[in-house]
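A.B. asks: In case you want the letters, here they are:
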Amino acid sequence: MALAFADPFDALFRFQRALDQQLESGWLEDLTTGRGAFPPINVFQQQGSDFVAIIEMPGVSKDALRLEVRGDTIRISGTKMVDYGGNASMHRRERVGGSFDRTISLPVQLDPNRITAECRDGILVLSLPRAESDKPKAIKVS
Amino acid sequence: MASAQELEVQQKRALEKKDEATVPARIYLPTTDIFETENALMVVMEMPGVVNEHADITIEDNVLTVTGRIDFSKYEKLQPVYTEYNIGHFQRSFSLAPSSIDEHRITAEMKDGVLTLTLPKAERVKARKIELK
Chain X
1 MALAFADPFD ALFRFQRALD QQLESGWLED LTTGRGAFPP INVFQQQGSD FVAIIEMPGV
61 SKDALRLEVR GDTIRISGTK MVDYGGNASM HRRERVGGSF DRTISLPVQL DPNRITAECR
121 DGILVLSLPR AESDKPKAIK VS
Chain F
1 MASAQELEVQ QKRALEKKDE ATVPARIYLP TTDIFETENA LMVVMEMPGV VNEHADITIE
61 DNVLTVTGRI DFSKYEKLQP VYTEYNIGHF QRSFSLAPSS IDEHRITAEM KDGVLTLTLP
121 KAERVKARKI ELK
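For the record, the sequence lines run as chains X and F. Counting along the first sequence from 1, when you hit position 91 you're at 91 in the working numbering, and nothing is skipped either side. Counting along the second sequence from 1, when you hit position 15 you're at 15 in the working numbering, and nothing is skipped either side.
What the hints contain is simulated information worked out from the structure, not anything from laboratory work. Please read these numbers as outputs of a predicted model, since none were measured by experiment. Some hints here could point you the wrong way.
To be verified - Covered by chain X, according to a simulated footprint, are these stretches of chain F (three or more residues, beta-carbon under 8 angstroms): (1) 44 to 53; (2) 71 to 78; (3) 102 to 114.
Cβ atoms here follow ideal geometry from the backbone N, Cα and C, with glycine treated the same way.
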């Protein structure tokens, strides 16, 4: 009998390694406004060839966030509030607040009407369906 | 918006542990603010992607430890094509001055991926105003 010893973390490691490897990816090339701009973006491809952008923005509420789509570009802007209340004495200050404005352009055509956004737990998930005209078509060999 | 300072991404710092964890997953340090108000010590931690049920807060031997686990299953069927940050669990510990905190009245709140801990000061350590006669 074969030992079915599945490592539950194996998938996680492979994924984390894949994330690291992609750091050198030229997928967006000069299309985005530089690395290091807030908020950091990860772009994934789903099984159906549609894309998902997962963006980390802890402390940004839904109301403080603005999203715009035009063609293949998405603009994400808003304000991250860091508030200490009235008379607080600081011990440690690491969080940084302020306003941000970032535009990402994808090298594929999007279907703007089907883009959905969900902001929850400090993570913004943008699902970016490809435009019908951009989808690969199978060619029948006669 | 030329005058406004642009918000930059803070690189995630990996947790450096003296002892190894049994779980070999990557753990990051949540960006943390700590400040003191009249009645409490406030600890504010950024843990994007951690839901209430996956955040653990413990105090043992005057060490406050906060652990946040992310739900990895959402990422299972995704293939990364462009990345700017890595994902992992969060953990961070702080030593507190002995018996300075009223441990039974600690409250925690999670909002937009930011955990706010209110650690009420013990009566003993509260500032006392001295009347001048």
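A.B. asks: Would you mind marking each hint as holding or not holding in the structure?
C.D. replies: Here is what the structure says about each hint:
1. 44 to 53: Satisfied; 7 residues make the cut.
2. 71 to 78: Our answer is that it holds, as 5 residues pass the Cβ test (under 8 angstroms) against chain X, meeting three.
3. 102 to 114: holds (count 5)
Checked against the numbered hints given earlier, this structure breaks none of them.
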